[in-house]
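Given chain A, work out where chain B should sit, using these hints.
There are 2 protein chains.
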Amino acid sequence: METLEAIHKRASLKLHLSPQKIEDDKINKIIESARVAPSARNMQPWRFIIAKDRKLIENLVNNAFSEVNRVAKNASIIIAVCANPKDDIIMNGKEYYMFDLGLAVENMILAATDMGLATHIMAGIDEDELKKMLSIPKEVRCPVIVAVAHTAEESYDEAALTKLTERTRKNINEIVYIDKWKNIK
Amino acid sequence: METLEAIHKRASLKLHLSPQKIEDDKINKIIESARVAPSARNMQPWRFIIAKDRKLIENLVNNAFSEVNRVAKNASIIIAVCANPKDDIIMNGKEYYMFDLGLAVENMILAATDMGLATHIMAGIDEDELKKMLSIPKEVRCPVIVAVAHTAEESYDEAALTKLTERTRKNINEIVYIDKWKNIK
Chain A
1 METLEAIHKR
11 ASLKLHLSPQ
21 KIEDDKINKI
31 IESARVAPSA
41 RNMQPWRFII
51 AKDRKLIENL
61 VNNAFSEVNR
71 VAKNASIIIA
81 VCANPKDDII
91 MNGKEYYMFD
101 LGLAVENMIL
111 AATDMGLATH
121 IMAGIDEDEL
131 KKMLSIPKEV
141 RCPVIVAVAH
151 TAEESYDEAA
161 LTKLTERTRK
171 NINEIVYIDK
181 WKNIK
Chain B
1 METLEAIHKR
11 ASLKLHLSPQ
21 KIEDDKINKI
31 IESARVAPSA
41 RNMQPWRFII
51 AKDRKLIENL
61 VNNAFSEVNR
71 VAKNASIIIA
81 VCANPKDDII
91 MNGKEYYMFD
101 LGLAVENMIL
111 AATDMGLATH
121 IMAGIDEDEL
131 KKMLSIPKEV
141 RCPVIVAVAH
151 TAEESYDEAA
161 LTKLTERTRK
171 NINEIVYIDK
181 WKNIK
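As they're listed, the protein sequences go chains A and B.
For the record, in the first sequence the residue sitting at position 42 is 42 according to this note's numbering, with numbers rising by one throughout.
For the record, in the second sequence the residue sitting at position 115 is 115 according to this note's numbering, with numbers rising by one throughout.
This is chain A alone, in the form it adopts within the complex:
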């Protein structure tokens, strides 16, 4: 799929997902895409825990996911996105690991979209509980998970089209200024 098509086709659907197994080859492509992302001073602070086991996925979702995110039970895999803040640069007292995680996660979900898979980034999780369940050390953060699923073919395409049609994004002139803040041209 063309890059711009993948960028514009990506949607966060909660329904019409199917938990059938994703081939290891595809999972590797998703992870490889995250791996080659840029990061501040190439620190690569990211660590990914891939939950493949169905019982584990069910337990994670039941115990560490907010009500609205329980649909992640239909995910084929759940990727816990982690970083130790100390593994990244701190510039003028400001941390960059969240920014770097964003760069890597976007690559990840575009690669999945490119392969016809559905993705959903979820921040609505009980981070402490998730860390406990995955034996993640206290000092490591796990701010989001990425649910990756097959699409339930019969219903997904239509739902995705509706979602994209209804997509609400700010207008360009609300987010872009030329040469100066709020100097809209």
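No lab work stands behind these hints: they were computed from the structure.
All values reported here derive from a predicted model rather than from experimental measurement.
Backbone N, C-alpha and C fix where the C-beta goes; we use that ideal spot for every residue, glycine too.
Be aware that one or more of the hints could be misleading.
Computed footprint of chain A on chain B, listed as stretches where at least three residues anywhere in the stretch have a Cβ under 8 Å from a Cβ of chain A [as the list claims (entries may be wrong)]:
#: 1; segment: 5-13
#: 2; segment: 27-33
#: 3; segment: 65-78
#: 4; segment: 113-126
#: 5; segment: 170-178
Pairwise CB distance ranges (calculated) [unchecked claim]:
#: 6; chain 1: A; residue 1: Glu139; chain 2: B; residue 2: Gly116; range: 23 to 29 Å
#: 7; chain 1: A; residue 1: Asn59; chain 2: B; residue 2: Lys132; range: 47 to 53 Å
#: 8; chain 1: A; residue 1: Lys55; chain 2: B; residue 2: Asp126; range: 47 to 53 Å
#: 9; chain 1: A; residue 1: Glu5; chain 2: B; residue 2: Ser155; range: 26 to 32 Å
#: 10; chain 1: B; residue 1: Gly116; chain 2: A; residue 2: Leu56; range: 40 to 46 Å
#: 11; chain 1: B; residue 1: Ile89; chain 2: A; residue 2: Asn59; range: 24 to 30 Å
#: 12; chain 1: B; residue 1: Ser66; chain 2: A; residue 2: Lys163; range: 40 to 46 Å
#: 13; chain 1: B; residue 1: Lys55; chain 2: A; residue 2: Lys182; range: 16 to 22 Å
#: 14; chain 1: A; residue 1: Asn59; chain 2: B; residue 2: Met1; range: 37 to 43 Å
#: 15; chain 1: B; residue 1: Glu129; chain 2: A; residue 2: Leu15; range: 45 to 51 Å
#: 16; chain 1: B; residue 1: Asn28; chain 2: A; residue 2: Leu164; range: 53 to 59 Å
#: 17; chain 1: B; residue 1: Glu153; chain 2: A; residue 2: Asn59; range: 53 to 59 Å
Below, chain B alone, put in the same frame as chain A:
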């Protein structure tokens, strides 16, 4: 260009750049790609200031860029990536705007790569000085800039290939665990 090709071809080159003008159509595609990125609860905290004016670019680079980033003088445009932390969610006392900026910026640099342009994300900037020069309000953060340039065709391809060949990334088993932290399989 195929999505995975763009993801793997993207490189942060500092040399072999050419500041010739980038067509507005291409700049729009770059910004549109950022615009459709996902964000926590679709808050879209991002704001982008595009510096196109050559004198402005020169002044910004001279006054607000670290020594090693002065090569950005050869950028065709410089995009200041901004967000007001209050425009994004805070979950359990933790901010998400940096993560969302990462998602949008990755889309942006992949779109540019897809169109044969070179990009470089730079965190080594004097944020306060940059904000002053671009009239960015005090409460708004501007943690990175993205330099976008044409490639100096004769030398770029070879340099990019060398850069990609020398690319240093952690091994997969250093960043990926299955079902549990550090339970490497």
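Status of each hint after checking the structure:
Requiring three or more residues with a Cβ within less than 8 Å of a Cβ of chain A, the coverage given for the segment 5-13 of chain B holds, as 6 such residues are present. Proximity of the segment 27-33 of chain B to chain A, defined as three or more residues with a beta carbon under 8 Å from a beta carbon of that chain, is established by the 5 residues found. With 0 residues having a Cβ less than 8 Å from any Cβ of chain A, the segment 65-78 of chain B misses the three-residue criterion, and the hint is violated. Coverage of a stretch by a chain is defined here by at least three residues with a beta carbon nearer than 8 Å to that chain's beta carbons; for the segment 113-126 of chain B and chain A the count is 5, and the condition holds.
With a cut-off of 8 Å between beta carbons, the segment 170-178 of chain B has 6 residues touching chain A; three or more are needed, and the interface restraint holds. In this structure, Glu139(A) and Gly116(B) break the distance hint of 23 to 29 Å, their C-beta atoms being roughly 42 Å apart. Between Asn59(A) and Lys132(B) the C-beta distance comes to about 51 Å, which sits within the given range of 47 to 53 Å. Evaluation of the 47 to 53 Å hint for Lys55(A) and Asp126(B) yields a pass: the beta carbon distance comes to about 52 Å.
Between Glu5(A) and Ser155(B) the CB atoms are about 31 Å apart, so this pair conforms to the stated range of 26 to 32 Å. Between Gly116(B) and Leu56(A) the beta carbons are some 43 Å apart, a value that agrees with the proposed interval 40 to 46 Å. Taking the beta carbon of each, Ile89(B) and Asn59(A) are about 26 Å apart, inside 24 to 30 Å as hinted. A hinted range of 40 to 46 Å holds for the C-beta pair Ser66(B) and Lys163(A), which are about 42 Å apart.
Look at Lys55(B) against Lys182(A): about 20 Å separates their beta carbons, and that is inside 16 to 22 Å. Distance hint check for Asn59(A) and Met1(B): the Cβ-Cβ separation is about 41 Å, which falls inside the suggested range of 37 to 43 Å. For Glu129(B) and Leu15(A), the hinted distance range of 45 to 51 Å is satisfied, since their beta carbons lie about 48 Å from each other. Range check, Asn28(B) to Leu164(A): Cβ separation about 19 Å, and the 53 to 59 Å hint is violated.
Checking the proposed 53 to 59 Å range against Glu153(B) and Asn59(A) shows it holds: the Cβ atoms sit about 54 Å from each other.
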